[in-house]
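Heads up: the protein sequence lines correspond to chains A, B, C, D, E and F, in order. If you count the first sequence from 1, position 63 lands on 63 in the numbering used here, and the numbers rise without skipping. If you count the second sequence from 1, position 157 lands on 157 in the numbering used here, and the numbers rise without skipping. If you count the third sequence from 1, position 61 lands on 61 in the numbering used here, and the numbers rise without skipping. If you count the fourth sequence from 1, position 244 lands on 244 in the numbering used here, and the numbers rise without skipping. If you count the fifth sequence from 1, position 122 lands on 122 in the numbering used here, and the numbers rise without skipping. If you count the sixth sequence from 1, position 73 lands on 73 in the numbering used here, and the numbers rise without skipping.
No lab work stands behind these hints, which were simulated from the structure alone. Just so you know, not all the hints are guaranteed correct.
For chains that are exact copies, the list does not tell them apart, and a pair is met inside one copy or across any two.
[Stated by the list, open to error] Taking lysine-lysine and the PhoX-like style, the derived pairs with C-alpha atoms no more than 20 Å apart in a straight line are:
hint : residue 1 : residue 2
1    : K195      : K118
2    : K207      : K163
3    : K182      : K120
4    : K70       : K120
5    : K64       : K182
6    : K70       : K118
7    : K273      : K182
8    : K64       : K120
Number of protein chains: 6
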Amino acid sequence: MECTIRDLIARALQEDLGPGDVTTEATIPAESRSTAAVLAKQELVLAGLDVCREVFHYLDPGVKFDPFAKDGDRIIAGTEIARLAGNTGALLAGERVALNLLQHMSGIATLTARTVEKVKGSRARVLDTRKTLPGLRQLEKYAVRVGGGSNHRFGLYDGVLIKDNHIRAAGSITGAIEGARKRAHHLLKIEVETKNLEEVHEALASKADIIMLDNMPIDMMREAVRLIAGRALVEASGNVTLETIRAIAETGVDFVSLGNLTHSAPAADISMKIRS
Amino acid sequence: MECTIRDLIARALQEDLGPGDVTTEATIPAESRSTAAVLAKQELVLAGLDVCREVFHYLDPGVKFDPFAKDGDRIIAGTEIARLAGNTGALLAGERVALNLLQHMSGIATLTARTVEKVKGSRARVLDTRKTLPGLRQLEKYAVRVGGGSNHRFGLYDGVLIKDNHIRAAGSITGAIEGARKRAHHLLKIEVETKNLEEVHEALASKADIIMLDNMPIDMMREAVRLIAGRALVEASGNVTLETIRAIAETGVDFVSLGNLTHSAPAADISMKIRS
Amino acid sequence: MECTIRDLIARALQEDLGPGDVTTEATIPAESRSTAAVLAKQELVLAGLDVCREVFHYLDPGVKFDPFAKDGDRIIAGTEIARLAGNTGALLAGERVALNLLQHMSGIATLTARTVEKVKGSRARVLDTRKTLPGLRQLEKYAVRVGGGSNHRFGLYDGVLIKDNHIRAAGSITGAIEGARKRAHHLLKIEVETKNLEEVHEALASKADIIMLDNMPIDMMREAVRLIAGRALVEASGNVTLETIRAIAETGVDFVSLGNLTHSAPAADISMKIRS
Amino acid sequence: MECTIRDLIARALQEDLGPGDVTTEATIPAESRSTAAVLAKQELVLAGLDVCREVFHYLDPGVKFDPFAKDGDRIIAGTEIARLAGNTGALLAGERVALNLLQHMSGIATLTARTVEKVKGSRARVLDTRKTLPGLRQLEKYAVRVGGGSNHRFGLYDGVLIKDNHIRAAGSITGAIEGARKRAHHLLKIEVETKNLEEVHEALASKADIIMLDNMPIDMMREAVRLIAGRALVEASGNVTLETIRAIAETGVDFVSLGNLTHSAPAADISMKIRS
Amino acid sequence: MECTIRDLIARALQEDLGPGDVTTEATIPAESRSTAAVLAKQELVLAGLDVCREVFHYLDPGVKFDPFAKDGDRIIAGTEIARLAGNTGALLAGERVALNLLQHMSGIATLTARTVEKVKGSRARVLDTRKTLPGLRQLEKYAVRVGGGSNHRFGLYDGVLIKDNHIRAAGSITGAIEGARKRAHHLLKIEVETKNLEEVHEALASKADIIMLDNMPIDMMREAVRLIAGRALVEASGNVTLETIRAIAETGVDFVSLGNLTHSAPAADISMKIRS
Amino acid sequence: MECTIRDLIARALQEDLGPGDVTTEATIPAESRSTAAVLAKQELVLAGLDVCREVFHYLDPGVKFDPFAKDGDRIIAGTEIARLAGNTGALLAGERVALNLLQHMSGIATLTARTVEKVKGSRARVLDTRKTLPGLRQLEKYAVRVGGGSNHRFGLYDGVLIKDNHIRAAGSITGAIEGARKRAHHLLKIEVETKNLEEVHEALASKADIIMLDNMPIDMMREAVRLIAGRALVEASGNVTLETIRAIAETGVDFVSLGNLTHSAPAADISMKIRS
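Looking at chain A on its own, in the form it has when it is part of the complex:
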């Protein structure tokens, strides 16, 4: 929600500015005005332009922000992404926080787009995970969507995903699924993690809605997909990389999920330049 993002921006600015930008206060007249350009310094898929603008507007609603691109656009190195005009102190005070967010989100969108590209033509959709940074999940998952990926559940509360720990505690896959069906609300599907074909069999028998194939060899995955035969959705997960994802997608799974989209995407190189 809007207000969460605003709180995030407030905290980020507080973190960076504290009691004030001593350099700018000491060298630039309070009434000075400038224009500035936000520039891509590498090829990237843009994500986070709204957040970027909000950072400056939080500091000074009078800053003019003119975008020349929009989220989801593939941008080449050297492109001017947006132009700003306003109080110089506000531009300099917001610069780092705005770029930190824009670079991080565009980094995720760019990596996601590369990943989605790899599975083109297969039925598999690329999913993110809950492996996100504290406070940034909403922005990171948005960036995944911008890059062409799909979101997995947002948190522990909007989806049932039974893992080995739950199975062990419940005694069996069947027991865990039955418990979940009885206690979780009726709008949630039930996904269960499996490590081998025997577990896939049991998950099917218990009428799991989605079956996760966790860290399985490619052959076993293919066999699992054959076995399931459309009676449940299938998600492949575990140590998926840009190198391995194509082969996984070709086993016929419905989804492939990767933590690295969010936890290991390098920042996209973007800078801000005061023009005048």
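Fit chains B, C, D, E and F to the known structure of chain A by using the hints.
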């Protein structure tokens, strides 16, 4: 400060748990107790163990947390980093947030250590930047120190760093430095960014405490260091990578700063395994 | 999560106490100690005992709280629910906030239990709605469970429920369901609201997971259940009362949902009495 | 104060929306615009229209909100209370929170108006109590005023009300009143609770400003009023209902206070309908 | 309330410590332990010892805090007020915030005690005002009580005080008092400000509970007290100083209120000394 | 930063207004509008006008605020500082909070200006300290600047100041300075406290950037300045008063710091008067 970290943890758990962990509530008895192991799945430099423990203690002060390593240790793949014992629901509810932080911080420490290794034998110290993620700066800068790096200023408020924008607004390097000396408080040094030798000359003449060489070719850097001759500290900055840092360090600069330590370190691979 | 409840208690106490309990401060010595009894003054199903205890512990962790019943117990008028011992000022400062919560939650549990009783023997489960009071949803939904009811989705984020407004915007039931299937994450089922049998047909054809029968006459509901024949779950909704719920349940629906469980349950009559 | 209400709205929306309205996001175009009508579905006394509008403006300041009635109006079933126009997503995201507040506040105003009607012609004013829901006291007490009732003290800090517990701790009514007069600030009156005529005598002798008759039989109340004879204000309290309040009012008391105005008022039936 | 104080301490420490105490971190081992003495460097009336202790306990619950005096004690220069033992870093991190609060509160208590001393033997009680610093009202008003003064209303919400602005808006003293009697709740007395004897007459006729004599000459005050003759309480206010208060008190007023107790009390000189 | 000030104002208004201004609500029509004048009642140096305006705008953005002076102006008694026009209730609700801040800040600016006046002609600059009130440091330090003083470090995080406690823990001045140089970031200078000439010698030898002369007799200060001879900046500190500061300044120190600028400045006398 402690309470900031606690707030971060509270927000992260709120983000992940929302109104509750529906899977665990539906499949695991509320009174169930387990032990769990935190495991390194790659070689890494550990950072964030205290934060990791705090996540579980926030959820349940009764969780027992026994570490087998400490921050700064170099860990090989397969090492058990810590063992936990306590309420199963609390262990599962905290798992993702704890690992997200531990993996991110260890990722930064690991990349920093690799970077520091590269400049061994030179006089140069490796510095981070303000290119950090919102709300995580304190943890990220801590991880840099754990990895053997040093911190640059924390924010815009605890160091004067005059960049080209300030110079342009002030009319000259000399003007900007004089303004800063007059208006910033007397415990802050003054660093100024330079792009060529002419600017280095002016910075020296204006008695800058630290001179940043921004994006200079190696030869120009070497010449700048010779010119400065100990009359100011020297920081090299701009597009530094693992490949280029050695050559930069050998020019004789005092510091090399890199944004990628914090904004592009891939997460270290760490998982949690319920044992019983 | 625990911390949300604690925040709620903090706000409630702040609201009631402000800068202090002037009467108690003026008439009772600061070191005075008392015991007190929490008493049911009507027959009720108890809910909220943990929250009640937390209110007193928030004010003074030294207050002793001995419960003689537990959430879910059916209590007759005159029963002593719990005994407290501790600082008199803390007992009096917490009394009203603790009782306000306990009376509200027990009121909901009591009304829910009466409602569940009405449908005994049918297959229908009694569901709550999102018609809750700001900040109290988690406690109110807990009280519904304590009273034997089940929860519907917690908010707008953990379940897809397509209502007439969505259908109109999407052009058709089919269009809305297809959009939802494509864009909502794969762990969420899709429920759709229908007003007549024609819409039920379309919902079935579009493979809705759950079909809501909104404000239908009993005969139409019965026909809809026959039509659906187990191919989707069925929820009856709209103006359900204690008088009409039995007939609705007997149509064979899987769920009946009622807003009045939470928004119109009268407070249960519970008081606190200082004993000595 | 305004900001407290705004915080309440923020929390309520956060509670209901969490990371987003998945149904609307999946089925309705982000730029879609609609008009909607807020409709009374029963006869009621309206309260909360400003809060209702604020909910939508919090989400989107661009939503147009045209009221056709105002707080305090008696509305018949079928009346259009207000018309909204704006972004469809904002209208649907705010609907439930806005209605939950409006229904609750109008429910209280409606019950209060019925109660006030009962005592018409007597000197008695109808008062609320501190039996309110956490975080909602200001809105609930406002709704009582809208319904024609008066407010009792807001919390423990803006009025001295000596109850039996304080009397016991102070040793006597006289002792408690003297303590309060000495220690509470000079702008606060002193009210004391009495259970029988003997206590009324003592309260009078100690010059209590207000005497509460707690749970007395009608005859004893009448005698108490005669005894007090205008030397103190008189408040009747304890198990007052719509059935008993007339007789109580006719004893000549100045005030009758009832907890059920706030803790047990059923929600008024109000809905929102998207028109186009 | 406790939690408000704790929030104040948290904010104060955040303000002083920000991302950390760089000096202590750079010069003192993390595990170092010390003892320290809190010392009075002037004669003073002590106030704030609990808050002082809370500052250190907020940082480290393990700090031992042994007080040698208590709030309200008159202390001579050189007295050791308390001894602390614990982690050196925590002692140094808390020192300034703890002393800032203790010095401010003791300064107020000391000035209040001097002021109360001046009116000894008269019937007048010394009152504070709402002229306090943001966020510190509760602590400042507490310090006034510790110094022997009494509190006026806490804020705008717990007392009716009709000033000239209200009178002008209401048309007359009589009109304002009648409005207040009708609309403010029945536990609040009504005080009215008067500037001359004519206004005193009108206030009496309107049965004001308390009459404030604002900035009147001594003779007029004496005449006003005679006129009122116990039919209302009397408060003198406006430019009261240590020099003028005795004469004011001797006119027979019940209360004298002074803003300078809180807004102009010089800090008491107190320091902390690390012993070992 | 702006938002911190806004939070401070929000808390201050919440503290003063709580659930509402009962007097104004009871006596002044909600739609009443007034003009008001803010008046200086003594000679003063104005500080805080922006904050004053923000208080009213927080309550009602429609209040018109016309200043007739600006921060830093020396104002004589009787001057109209600003004129306000707007909703009467908003003017009265904001009055006390706005004046409390304006009086406090102007009090500090006025005392600072008097102090700066004393050292005119010397090279010494007047510095504040960290002896400020919780939550008000930014405003208080701003007021010092307005009065012509300079700020010392803002908190423990933006300057290294080695005091006797650090020296004792580090073993020697030399040890402490070396530790600080190694561990504090490179943009921070190092100041060290000295009590006698021997320590001054050691500080010089260790190349301290700034040497503080703590509580030294005038003669010793003069000797220290001679000794240091420009090789470090020199700050005099400890029990500096309006009476002693001239002599201290004339010893040739660069800075004199005083806690009383912030912790003991009496409030400037400023009032608000409703005109019509």
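Hint check results:
no. : hint        : in the structure
1   : K195 / K118 : neither (25 Å within a copy, 41 Å between copies)
2   : K207 / K163 : within (16 Å within a copy, 28 Å between copies)
3   : K182 / K120 : between (38 Å within a copy, 17 Å between copies)
4   : K70 / K120  : neither (23 Å within a copy, 44 Å between copies)
5   : K64 / K182  : neither (54 Å within a copy, 32 Å between copies)
6   : K70 / K118  : neither (24 Å within a copy, 39 Å between copies)
7   : K273 / K182 : neither (58 Å within a copy, 27 Å between copies)
8   : K64 / K120  : neither (39 Å within a copy, 45 Å between copies)
Going down the numbered hints, you'll see the structure goes against 1, 4, 5, 6, 7, 8, while the others check out.
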